[in-house]
Amino acid sequence: MPPGRPGLAALARAFLRLGALAFGGLGAALALFQRDLADGRGWVSQRDIGEALAFVKPLPGSTMLQVAVFLGGRLRGGPGALIAGLAFIAPAAALMTAAAALAVSLPDAPWARGAVGGIQVAVAGLLASAMWRLARSEAGGRVLTLVLAAACALGFFLPAALIVIGAGAAGAAGRGGRGADG
Amino acid sequence: MVELALRFLLVGALAFGGGQAALPLVERITVAETGWLSSRDFATGVGLANATPGPVLILAAYVGYRVAGLAGALTATLAVFAVPVLLSALSVRLVGRWRGSARLEAFGRYAGAAAVGLLGVTLAALARPVWDLHPALLLLSAAVLLAERRGASPVLLLAAAALAGAAWGAVLG
Numbered sequence: 001m002p003p004g005r006p007g008l009a010a011l012a013r014a015f016l017r018l019g020a021l022a023f024g025g026l027g028a029a030l031a032l033f034q035r036d037l038a039d040g041r042g043w044v045s046q047r048d049i050g051e052a053l054a055f056v057k058p059l060p061g062s063t064m065l066q067v068a069v070f071l072g073g074r075l076r077g078g079p080g081a082l083i084a085g086l087a088f089i090a091p092a093a094a095l096m097t098a099a100a101a102l103a104v105s106l107p108d109a110p111w112a113r114g115a116v117g118g119i120q121v122a123v124a125g126l127l128a129s130a131m132w133r134l135a136r137s138e139a140g141g142r143v144l145t146l147v148l149a150a151a152c153a154l155g156f157f158l159p160a161a162l163i164v165i166g167a168g169a170a171g172a173a174g175r176g177g178r179g180a181d182g
Numbered sequence: 001m002v003e004l005a006l007r008f009l010l011v012g013a014l015a016f017g018g019g020q021a022a023l024p025l026v027e028r029i030t031v032a033e034t035g036w037l038s039s040r041d042f043a044t045g046v047g048l049a050n051a052t053p054g055p056v057l058i059l060a061a062y063v064g065y066r067v068a069g070l071a072g073a074l075t076a077t078l079a080v081f082a083v084p085v086l087l088s089a090l091s092v093r094l095v096g097r098w099r100g101s102a103r104l105e106a107f108g109r110y111a112g113a114a115a116v117g118l119l120g121v122t123l124a125a126l127a128r129p130v131w132d133l134h135p136a137l138l139l140l141s142a143a144v145l146l147a148e149r150r151g152a153s154p155v156l157l158l159a160a161a162a163l164a165g166a167a168w169g170a171v172l173g
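Chains as they are written, first to last, in this note's numbering: chain A, 1 to 182; chain B, 1 to 173.
It is possible that part of the hints are untrue.
Claimed, not checked - To list a few chain B residues with every Cβ distance to chain A over 12 Å, as calculated:
1) MET1
2) ALA5
3) PRO24
4) ARG28
5) ILE29
6) VAL31
7) ALA32
8) GLY35
Unchecked claim - Quick list of the computed label-pair ranges, beta carbon to beta carbon:
9) A:ALA169 with B:GLY35: 39 to 47 Å
10) B:GLY100 with A:GLY140: 13 to 21 Å
11) B:ALA125 with A:PRO110: 24 to 32 Å
To be clear, the hints were calculated from the coordinates, so they are not data collected in a lab. If you're wondering where the values come from, they're calculated on a predicted model, not measured in any experiment. Glycine included, every Cβ here is placed at the ideal spot set by N, Cα and C.
Based on the provided sequences and hints, a complete structural model is requested.
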């Protein structure tokens, strides 16, 4: 559990900032959350982020927003969840509306295509880094490492929701009666 | 306006596998079924949605604005994220209530490991276009991985990569 519980205003400011910086999709956003909320502010642990990912991954919708909402809820309950969600989405919504209003379109130029390629290169690296960090915190012990590897392999053939819920159900069925394991 | 709200509520409720996975559904709804946008405008919207921070489904704000102005942008944005946010808030409550239950803890641990494993599938999907550009570029991805692990900010790394790519494209393109 987090050591310090932030106030709602601090929570809103933090997620507003994250929402403005979360370029590059889920992998980059996870790296950003780990850096800012866990390492920087110490509000949540790497495990909390892994847990958030586990519970929102099977749900429909934007995963990075749902991780933000889950962490907001973990920190400050229902109001925290709502505020984290609204704050996280506000910068993108404002930018997107402005772009639509100005009828902005992205130039189809070599430099623009190059920039997109550069971002793709970086995003792959950032996701690998986020995955590495989460694997260290989530997959303690041989069984969980096996679950992680199996999910990765099966993920190429089966729907993600099925795999996450299936793994969770197997864990609950097998270990429910006992205490800590690993 | 009501149709805008209902259609984007549905997109949010059906977006299994995250926002990127729902883009074809948004295309069906906004281009093919309603004719709200031309396919060129839709492509522009997707490009902008990827260029802005945050979830890619913010595309809804773009579509909403084109259909019904500022009110449309607000309506579509709230609609597309309503169900996912509600479900996520609900799941954190349920998890909180059952905290201490050995079964739920086990569920969370196993589901968590599986969710992290599934990031590998996403990673493969992201590495594929990089490989197609040039396989050696994956070495640069690995360099980004190392730089981030050594403390470089993800946002700065993304900016640097975009600039380097733009310079490369401008010189060779």
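Honestly, which of those hints from before does the structure not fit? Of the numbered hints, all hold.
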